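Undergrad: Heads up: the sequence lines are chains W and Z, in that order. Take the first sequence: its letters are residues 1 to 221, numbered as in our numbering. Take the second sequence: its letters are residues 1 to 254, numbered as in our numbering.
These are calculated hints, taken from the structure and not from any lab test. Predicted model, so just to flag it, every value in this text is computed and none were measured. One thing to keep in mind: the hints can contain errors.
Unchecked claim - Pairs of lysine-lysine, DSSO-like flavour, derived with a Cα cap of 30 Å: (1) W:Lys145 <-> Z:Lys176; (2) W:Lys6 <-> Z:Lys155; (3) W:Lys157 <-> W:Lys6; (4) Z:Lys83 <-> Z:Lys31; (5) W:Lys139 <-> W:Lys66; (6) W:Lys108 <-> W:Lys66; (7) Z:Lys244 <-> W:Lys108; (8) Z:Lys177 <-> W:Lys208; (9) W:Lys66 <-> Z:Lys83; (10) W:Lys145 <-> Z:Lys155; (11) W:Lys145 <-> Z:Lys217; (12) W:Lys139 <-> Z:Lys176; (13) Z:Lys155 <-> W:Lys108.
Below, each chain spelled out in residue letters.
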Amino acid sequence: MPELLKIDINRLYYGSNILLENARLKVNSGERILIVGATGTGKSSLLNTLNLMNQSYDGSIFFHGKKLQDYRPEHLRSRICMVMQEPYLEGNTVQEALDAPLQYHSIKQRQLPNRNQDIAQLMQAFQLPISYLQQSPEKLSGGEKQRIALIRALQLKPEVLLLDEISSALDQGTSGIISDCIFNNYQGTVIAISHDPLWQDRWQRIWKLEQGRISSSVKGA
Amino acid sequence: MDISYISLLFAALLLLYPLLIFSHLKLKLSKQLFSAFARMAIQLAIIGLWLQFVFKQMNLWLSLFWMLVMIANAVFTLKGRLKFQPRILLPILIYSLGATSIIIMPWLLILVIKPQPVFSPIYAIPVYGMVLSNSMNSCALALERFESGLSDNWKAYYTRLSLGASLWEAALPPFKKAMQTSLMPQLLTIASIGVVSLPGMMTGQILGGASPLVAIKYQMMIMISIFSGVTLTDYLAIRLYLAKRFDMYHLPIA
Chain W
1 MPELLKIDIN RLYYGSNILL ENARLKVNSG ERILIVGATG TGKSSLLNTL NLMNQSYDGS
61 IFFHGKKLQD YRPEHLRSRI CMVMQEPYLE GNTVQEALDA PLQYHSIKQR QLPNRNQDIA
121 QLMQAFQLPI SYLQQSPEKL SGGEKQRIAL IRALQLKPEV LLLDEISSAL DQGTSGIISD
181 CIFNNYQGTV IAISHDPLWQ DRWQRIWKLE QGRISSSVKG A
Chain Z
1 MDISYISLLF AALLLLYPLL IFSHLKLKLS KQLFSAFARM AIQLAIIGLW LQFVFKQMNL
61 WLSLFWMLVM IANAVFTLKG RLKFQPRILL PILIYSLGAT SIIIMPWLLI LVIKPQPVFS
121 PIYAIPVYGM VLSNSMNSCA LALERFESGL SDNWKAYYTR LSLGASLWEA ALPPFKKAMQ
181 TSLMPQLLTI ASIGVVSLPG MMTGQILGGA SPLVAIKYQM MIMISIFSGV TLTDYLAIRL
241 YLAKRFDMYH LPIA
């Protein structure tokens with residue numbers, strides 16, 4: 001499998017504290033990686049380095065062999081999309097929330113044929129009725145909002161999807177649906193943080209952060 | 001018709017009403033009232049004497065010098081009032097108020113009022129004072145609203161970034177909101193002029209003996225200039241603020 005991301009971090013900081021040392025990792029195209037570790041070990045800080053949202057580190061990260069900093073931030077982030085812990089949906093209706101990123105220059109440059117069809121399929125896959133498109137995002141439950149936030153990111157067909165504890169506020173059932181949907185409807189690379197034991201059983205590669213070190217293991221290996 | 005100093009004292013007696021109300025409500029504003037009005041009286045007395053001197057000189061350089069003093073005063077007043085990002089505000093305020101002044105004032109003096117000489121202080125200074133003070137107040141409101149629009153909702157800002165928005169695209173919603181909030185009161189004032197209120201400048205001119213028809217033309221000119229100046233200042237200030245508030249990766253600089 002072709003190498004998509006190469007992480008070569010000597011030190012990752014939070015303020016003046018060192019969170020992580022000597023993180024040397026590779027991510028292949030299409031891999032699904034779960035980051036685990038106790039609170040405060042630097043999971044989110046690490047994830048945020050991958051889309052230029054965190055610059056507090058010594059070292060380099062490469063995407064398709066090119067340093068992250070050599071990309072325009074908006075272009076990189078349109079290819080490495082992130083879904084956050086607390087979803088924010090913009091607009092008066094779910095449809096408007098889904099349309100919002102299409103106004104961005106970095107997305108406009110991209111061909112997104114059959115987008116309406118994709119949305120319909122994703123809504124169905126994520127077990128949301130199509131009539132929700134006309135609903136106000138305010139009226140949705142936490143789990144529904146999170147699923148819309150995922151659909152909003154997936155419709156952009158990113159090469160990498162970063163998920164920052166998206167299931168932390170959800171019950172096990174919903175969390176499972178979301179995990180399944182991501183596996184079944186997205187062929188790209190996923191790097192996720194989750195505390196959910198259900199997720200840990202399903203993901204093939206695990207990055208474990210412990211006492212300032214990171215270890216990578218393949219499930220079942 | 002002139003007002004005698006004794007008559008002015010009678011006007012000051014009207015302050016008894018607010019003082020009585022303050023004491024009735026046990027509002028601790030009396031001290032502030034005295035200090036505010038004392039400051040006003042001293043400042044106006046000094047400025048009155050100074051302006052009388054400047055107006056007599058009819059000197060371009062003196063007019064320009066005084067306009068510089070006015071803008072410096074506006075910049076430092078604003079800087080004192082805005083309680084956020086003190087490190088970056090000074091150049092933003094200088095550039096935005098300065099650029100507005102350079103755009104609006106020559107236009108008004110050369111194409112509209114056409115006094116002889118052009119920078120005749122009797123026109124330039126009062127008109128500039130009105131454009132500048134309104135721009136200053138509106139700029140404070142616009143910057144405050146923009147900053148609070150960002151900091152009350154970082155989640156929205158970061159969500160836009162994480163889906164590929166540029167700095168401009170991610171900050172546009174709070175930018176639009178800040179402009180709307182700062183310009184709406186101006187438009188409401190403009191729409192109510194003549195019906196609800198006779199503005200200060202027009203009242204002053206009429207009381208000073210000018211014909212109401214001349215006074216309304218001046219008033220229209222000044223309202224247009226103020227609105228244009230305010231919009232320019234707010235826009236420039238927020239744009240410059242945007243450039244200084246975020247780094248090259250569009251992340252806020254602490």
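Undergrad: Next pair to validate is Z:Lys244 with W:Lys108; report whether the Cα-Cα distance is within 30 Å.
TA: Holds - the C-alpha atoms of W:Lys108 and Z:Lys244 are around 27 Å apart, at most 30 Å.
Undergrad: Starting from W:Lys145, check that the Cα of Z:Lys155 is at most 30 Å away, please.
TA: holds (14 Å)
Undergrad: For the pair supplied as a hint, W:Lys66 and Z:Lys83, confirm whether the alpha-carbon distance does not exceed 30 Å.
TA: violated (41 Å)
Undergrad: Is W:Lys157 close enough to W:Lys6, meaning Cα to Cα at most 30 Å?
TA: holds (21 Å)
Undergrad: Would the pair W:Lys139 and Z:Lys176 pass a check requiring their Cα atoms to be no farther apart than 30 Å?
TA: The given pair, whose Cα atoms are some 26 Å apart, holds under the 30 Å limit.
Undergrad: Within a Cα-Cα threshold of 30 Å, do Z:Lys155 and W:Lys108 meet the stated pairing?
TA: holds (23 Å)
Undergrad: Holds or violated: W:Lys6 with Z:Lys155, Cα cutoff 30 Å?
TA: Distance ~28 Å between W:Lys6 and Z:Lys155 Cα, so the pair holds.
Undergrad: CA of Z:Lys177 to CA of W:Lys208, is that 30 Å or under?
TA: With a Cα-Cα distance of about 43 Å, the restraint between Z:Lys177 and W:Lys208 is violated, given a limit of 30 Å.
Undergrad: Does W:Lys66 lie within 30 Å of W:Lys139 when you go C-alpha to C-alpha?
TA: Status violated; Cα separation ~43 Å.
Undergrad: Hint check: Z:Lys83 vs Z:Lys31, CA-CA at most 30 Å. Holds or violated?
TA: holds (25 Å)
Undergrad: Would the pair W:Lys145 and Z:Lys176 pass a check requiring their Cα atoms to be no farther apart than 30 Å?
TA: holds (26 Å)
Undergrad: Do the alpha carbons of W:Lys108 and W:Lys66 lie within 30 Å of each other, as the hint requires?
TA: holds (23 Å)
Violated hints for the displayed structure, listed by number in ascending order: 5, 8, 9, 11.
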